[in-house]
Amino acid sequence: MYPIPGTIICGIIFQHKFMQQYTSSKAAGLRADIIVEVEKHEDDLKRQQTKKFAQNKPTESEEVQNHPESEQTKKSAQNTGEVRNQGDPESLQTKKSKCIIWRCCKPISMQASTKEYADIVYKAYKFFPTFKRLFVAIILSYKDREESQKRFESLKFERAYKLIEVELSWMYDILHSKSSLIFAWKPYGWVSRIFTLVLTTTALVLFAVLYQSEYNNIVKSGYRKFEFEIVLTYVLLGGAVCLEIIAFAFMLLSFWTYAVIRDSRENSRRDSGCCRSLENFLFRIQEIIRPMKRSRWSDKMAQYSLITYSIHNQPSWWKFKIINGVTETWNHYRYTTYAHVSKHLKEKVFEKLKDKMKSIEDRTSYKRITEHRGQWALQRMGYYQEFGWSVEAEFDESILLWHIATDLLYHEKKEEPEPFKEHPPVEKSTQKNDREISQNISNYMLFLLILRPVMMPAGIGQIRFGDTCAEASNFLQSEGDIKECAEKILRVSTEYDPGVVKGDRSKSVLFTGCKLAHLLKEQFIDGNEKKGIKSMNDRDGMWRLISAVWVEMLCYAASKCSGQYHAKQLSKGGELLTVVWFLMAHLGMGEQYRIEEGHARAK
Numbered sequence: 001m002y003p004i005p006g007t008i009i010c011g012i013i014f015q016h017k018f019m020q021q022y023t024s025s026k027a028a029g030l031r032a033d034i035i036v037e038v039e040k041h042e043d044d045l046k047r048q049q050t051k052k053f054a055q056n057k058p059t060e061s062e063e064v065q066n067h068p069e070s071e072q073t074k075k076s077a078q079n080t081g082e083v084r085n086q087g088d089p090e091s092l093q094t095k096k097s098k099c100i101i102w103r104c105c106k107p108i109s110m111q112a113s114t115k116e117y118a119d120i121v122y123k124a125y126k127f128f129p130t131f132k133r134l135f136v137a138i139i140l141s142y143k144d145r146e147e148s149q150k151r152f153e154s155l156k157f158e159r160a161y162k163l164i165e166v167e168l169s170w171m172y173d174i175l176h177s178k179s180s181l182i183f184a185w186k187p188y189g190w191v192s193r194i195f196t197l198v199l200t201t202t203a204l205v206l207f208a209v210l211y212q213s214e215y216n217n218i219v220k221s222g223y224r225k226f227e228f229e230i231v232l233t234y235v236l237l238g239g240a241v242c243l244e245i246i247a248f249a250f251m252l253l254s255f256w257t258y259a260v261i262r263d264s265r266e267n268s269r270r271d272s273g274c275c276r277s278l279e280n281f282l283f284r285i286q287e288i289i290r291p292m293k294r295s296r297w298s299d300k301m302a303q304y305s306l307i308t309y310s311i312h313n314q315p316s317w318w319k320f321k322i323i324n325g326v327t328e329t330w331n332h333y334r335y336t337t338y339a340h341v342s343k344h345l346k347e348k349v350f351e352k353l354k355d356k357m358k359s360i361e362d363r364t365s366y367k368r369i370t371e372h373r374g375q376w377a378l379q380r381m382g383y384y385q386e387f388g389w390s391v392e393a394e395f396d397e398s399i400l401l402w403h404i405a406t407d408l409l410y411h412e413k414k415e416e417p418e419p420f421k422e423h424p425p426v427e428k429s430t431q432k433n434d435r436e437i438s439q440n441i442s443n444y445m446l447f448l449l450i451l452r453p454v455m456m457p458a459g460i461g462q463i464r465f466g467d468t469c470a471e472a473s474n475f476l477q478s479e480g481d482i483k484e485c486a487e488k489i490l491r492v493s494t495e496y497d498p499g500v501v502k503g504d505r506s507k508s509v510l511f512t513g514c515k516l517a518h519l520l521k522e523q524f525i526d527g528n529e530k531k532g533i534k535s536m537n538d539r540d541g542m543w544r545l546i547s548a549v550w551v552e553m554l555c556y557a558a559s560k561c562s563g564q565y566h567a568k569q570l571s572k573g574g575e576l577l578t579v580v581w582f583l584m585a586h587l588g589m590g591e592q593y594r595i596e597e598g599h600a601r602a603k
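Throughout the sequence shown, residue numbering follows full-length UniProt numbering, covering 1 to 603 in sequence.
Keep in mind the hints are simulated off the structure, nothing from the lab. Don't take each hint at face value.
[What the hints assert, rightly or not] No farther apart than 30 angstroms at their CA atoms in a straight line, the calculated lysine-lysine pairs in the BS3-like style are these:
(1) Lys343 to Lys367
(2) Lys346 to Lys115
(3) Lys115 to Lys156
(4) Lys488 to Lys156
Predicted, not measured: the structure shown is a model, and the values here were computed from it.
Work out the full structure, taking the sequences as your base and the hints as a guide.
This is the structure in structure tokens:
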């Protein structure tokens, strides 16, 4: 068990227990109240014993008649009992003090929600040494996969994401702060922090003691040449002490501290009540500072729309080549917005990953299933034959195709005909959730493709995006409402293959994405008599399919991004892509595991 500062343990535990029992007492009279309570309890005990003895005591004649031979013996026993009961008051006070100390050492209880949060933090602490190696591309063993899967299968999605957040926040501490110097050395890190605080405080006290008399003489004499230097020294030393106190408080109230103390207690042979009380008390304070509902990363996803950018990025006569690059970069960030990562999106990603994990049949399928970028969702829902061509293209092209189709369908002016009878009615909230999830992931994936290309698989996405924006700008001509622009693009006939019409000179996929939108509408809403497709108005089914494809694309992109780029984004608030990547690793999916048994644990 690692040494814990005794003053911290005693101070926190005794203060907490005494303040609970004697809240009506003032701090200055706390000790006196305790002594008075002990004396009062002693007097009450004496009176009760005397009264009970007087009631049960037989008369002298009865005693002689019943037991004449033991009169002297009982008298001596009663005298001895009185001496024992009314004897040394110090023994009673000692017993009372032991009782108070025993109560103080009893573990401080926690509420169910707080205990659950504490268990999540401790699980993250146990997982962290294994999964932090992913950031430096170390392959984990098959045993690591099985252990992680076994623990994650039973977690709800909120608890799973919270565990991931805690681990990523610790990874940020290691990479971008000095926490690793303190907690990696364990007892030595604590000692170094306390030693620094003591030295700084000692320097301030010594300076105040040694130079106080000289400072008074300077003030009295009116010679103020060194007064500014002395005041400045006080300010600097006082500021240094304050900074050390703040740093020590942050260290004491961090989840690192709780996890280290709990791990030390559980690994030791004795389960100390004082140690348990300390860790529970610290976690209560930590929960007030960082409640469970509060996210430990930005919890936002960037949004970037191709149609919005094309509408507002019309060519002007004053855009010369010299400033064209600067203007383009400025416009990229100008039209970037941010959306909150909803709990519905998190739940959908988590459930899709769990479904994939359950569908794994053998060891080789672990790697194969992470290669899907829409194929698995289309096959499961029975639409691979109709839309498989859109996900079999290069990944950057697939992103642009599905982004354009999603944007057009999201902003089109909807008509509400009668729903098809074969499809049961679905709650509007479900359709709205799938619709918003599809739009948010679509815009986020385009943002990564254009402004975070290092986090995406290699391709010519920048070229395709530029050609598509140019074609959209020429087609739309002037600024307008995005719904009107979407309707204008959707009115274009895509009976003939757009790639054949425009040739190979342009990499634009604007009207190919429009074709995908038409096919989705035909399949789920309008129907097509020539193809034998009935009109169903199944918008909820359409958005369910689109959201499933986008979730799979998001997971594919997360698995293909290098750990060093995930680590870099931690300093900027974190990325949803990083959270999904780490979640996939805990569920046993990705390229960072060995697929055979018998390998030693990675070091």
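Verification of the hints:
no.	hint	in the structure
1	Lys343 to Lys367	holds (28 angstroms)
2	Lys346 to Lys115	holds (23 angstroms)
3	Lys115 to Lys156	holds (16 angstroms)
4	Lys488 to Lys156	violated (44 angstroms)
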